[in-house]
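Student: Spelled out from the first residue to the last, the chains are:
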Amino acid sequence: MKVQLTHNGIVTSINKLKEDYILLSVTIDGRPAFRPGQFMMMQVSDSYDPLLLRPFSILDEHNGEYRFLIKIVGRGTRLIADFTCGKSVFLTGPFGNGFPQEAGGRALVAAGGVGIASVYAFLQMLHKQGVPYEFIYGARTKNELVLLNLLKPHHPLLSTDDGSQGYHGRLTDILKRKIRPEHTVFACGPMPMLAVVKNITLQQKAACYLSLEARMACGFGVCLGCTIFDTSGNTKRVCKDGPVFEAGEVSFGKQIAKNR
Amino acid sequence: MNKKLLQVKIGSMVLKNPIIGASGTFGYGAEYKKFISLGSIGGFVTKGLSLEPRKGNPEPRIKETPSGLINSIGLENIGMDAFLRDVMPGIEDAGTAIIVNIFGTAMDEYVELAHRLNRIKRIDGIELNISCPNVKAGGAEFGKDPLVVQTITQKVRDVTNKPLIVKLSPMVTSIVDVAVAAQEGGADAVSIANTYPAMAMDLKSRKPFLGAKTGGLSGPAIKPITLKLVYDAFGKINIPIIGVGGISSAEDVLEYAFAGAAAIQTGTANFINPEITAKLASDLHDYLTGAGIRSFASIVGAAKSSIGS
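Quick note, the sequences are listed as chains A and B, same order.
The numbering of the first sequence is the working numbering, which starts it at 1 and goes up by one.
The numbering of the second sequence is the working numbering, which starts it at 1 and goes up by one.
Derived CB-CB ranges, DEER-like:
id, chain 1, residue 1, chain 2, residue 2, range
1, A, 231, B, 118, 38 to 48 Å
2, A, 127, B, 118, 53 to 63 Å
3, A, 73, B, 115, 47 to 57 Å
No lab work stands behind these hints, which were simulated from the structure alone.
We treat Cβ as the ideally placed atom computed from N, Cα and C, and that holds for glycine.
Isolated chain B, as found in the complex (with noise of 0.2 Å):
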């Protein structure tokens, strides 16, 4: 098999393949052994972690909607020094990009995690999450001001010489700026982008259905304009872009492409097949070495490409 079919480079990090399962959708990693081959996917984003243990937002906590499904899961999650006393011996054997994805109410905190995951060989990239719409303090607010990206990635890439990458959030005025400041903070990679703000009434109570009341949008209901956002951006940017948006087959792994997302994340689609990521990577070689097309890479953005593909 041809390596460089497939091949993904992000920063200092190369994929195997652009499919990387995305955070708060793939647990920490360990969760999917029984089901994948972790070896066979590009690499997974871990739950979002942050310093201390977090227990999240109340009940309920998702809701589904037409081709889509909004979370209040509020990032849960069990913590840093949890994750690497507990789970990191279990994925070390991953054979797979092991990005964490990290979290903070203050900006020192995104700056304390960072360091104490350079130090940690195994860990292959850090996913910076400035965009989650579940939370009061920090997340989508800090992802919104692209001055406040950019000092937030640059106080980060001081202390980790680890490939960076930060999660935008789609509601901004504009997603290009955005992308400039991650660029200028010195980021390696974007990923474009987080779950849109969103909500469901009760019909009895007349009262939010979700217990934070707002939560965040995913799945496939959200494609079509999380695709244009990858599009915006391509071309704007120097640094590969990660599209992740209601990825649930190999045509919309191809469209993403097109738009220029040099890699990919599945999220939603992991909870309905939790085999999605190594049968999308399965999926795209095929369709490449189908098609005829030399490598991934050459696709990616064709939809600006003057030359075409």
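Chain A with its partners taken away, still in its complex shape (with noise of 0.2 Å):
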């Protein structure tokens, strides 16, 4: 069956945020639905250079009003961070699986870096559902802690690797302190992070979903750049199979296991 999946967009505003993070509103027709850790597709260039996509989580959407945090980290971002009011952005999607509708018993959510735009609208619906749930937000330093306003009914546990606010350390410590069998874990941050998170529910023996991070040229299954080899060997497809994947499932190169 037909859906619609192509959207045309308009910036109605763009912030920029501490650091090199941008919070970006776009009205896009047809107010597409999306589940919490969905993602879309958005065009950066109106020429063929840069000639793909770029994938971002959606934030949240209000009155057809949709936003993405956005960090600035190549060409294409860069691009983004001089989107002006009023101008067209040709969008598609919302793609990927997202994080499971239903937590199951107690939450232990955990966001790394940006890793705070995929997991942002689950937490939402956490709250929505009056659901019980910890939240733990890490980043370097505290200029790259960003949304705090908005995180603020999530009460989050803050840390940061120089001790510039909240826990001094990384927040893969107060996961440690923090986990029980009981919850299910749920993370987006970079790989290295997730690596340690993976390990440590797996002592747990704690539920753990993880929300990865790929290149991918199409975002809907069909360019398979963004294939990833799970733990069994299998190919998965973070854009279509994901991003949103079992802990279990997911196999960490062992350097960057190590490393952390």
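Put the complex together from the two separate chains, hints included.
Tutor: See the structure below:
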């Protein structure tokens, strides 16, 4: 069945946050429904260069206005930083499986760096469902802890690698202290962090879901550019089979796990 | 609507219009059902299928370059059995031509694959991939030597009466020689062309960026190069040419048509706008009617026509 998965959007606001973060609001025609943890592909250039759309988690939506938290990491995201209000952008999606719709008991949500973009909508959902949850949010420095006003209702336990705000150390240290076997952990962040999260949850025999990030061309499962090899050696598409995976499925290079 | 306006004939296969989704960018067809009405396009070519499933190359597999994309997927596919068993039932009602792209590491595998497909009524055509730059054995190696191209085409021709398309490598000394070889082997059409071997470096590691080191370049960046190959081959063979390389707009389709493409495939553009095939079919219709052109077929090869159009 054909559904509307290509959209025209109009930029309604763009706010530069701390460090290299942007909060972008776009009204999107058709007002597509989305699940927490899903993403959309966004056009960054009106020309063929850069060619591909870029994937961004949907933060939230109000009256057809969608917000995206974007970290400037390269050419595409730098172009987005120069977007002005009224600019029209082409988008596709929402794509991906998103987080489970039921947290199952007690939830522990962990976001590292820009990983906050993927878990924010999920936090909102848990809040709305009245499910008990705790939330840990870590970054390298306080300048990379963003959206703190929006996050207040979720009572974040903050951590920074340099101790400039919150707990001085890794968010995974907090996770280690908090975790109980009855918890279900939901995490998004850099791969080394997710590797540690997986190990901690394995030791505690707690359920765990990880939202992964990957380079992708299409976002809907056909280019096979974002394929990862899972713990059974089978191929999984981050865009379509994920981006949220059960931690047991996700294979981390030995080196990455050792680094932390 | 004048049915004949956009109609294209490839061997015994009649396409509603000349817009085809290219292999490796159109999944197995079913993936596009949610984006477009498959009945609105001329056809699609499945991801290249081998006898056994293949997991493909290590990550990273894609690298964006100026107006282009390098991929080294490595022909990851579900294998012919799973395709026939799990995918076919879901695309039988597609209302468009289903062309199955096949790939092997030895000639016998192509023959076996074609033989199996020959029995499946709903499959409208077969495209031979003898030009993938991303595999060590077979692939582009088969596509370089005209004699090998002719032999492999002939062997497959012997086991199937389905329309047979041979997808050529652009990395050949003479595209004409290879296209003629495919024709002599019994091909009903040639697809010109596959991606161009390419690479990118990682500035930190000082090593190739892609997990497989090299890949194939596609996208608007390659359009002028492949366009010339189509132009070079047109008039030198009697079978239709399917142009494929960097097509993203109706203007691109027209350029390929003038150069000699009787039909075209869109590849990388499907990733950016999954509705592009349907859009091109509609835009092309509007252009032709607006310009008072009686048929798409009449403008094919216009660049070499002494009459002009």
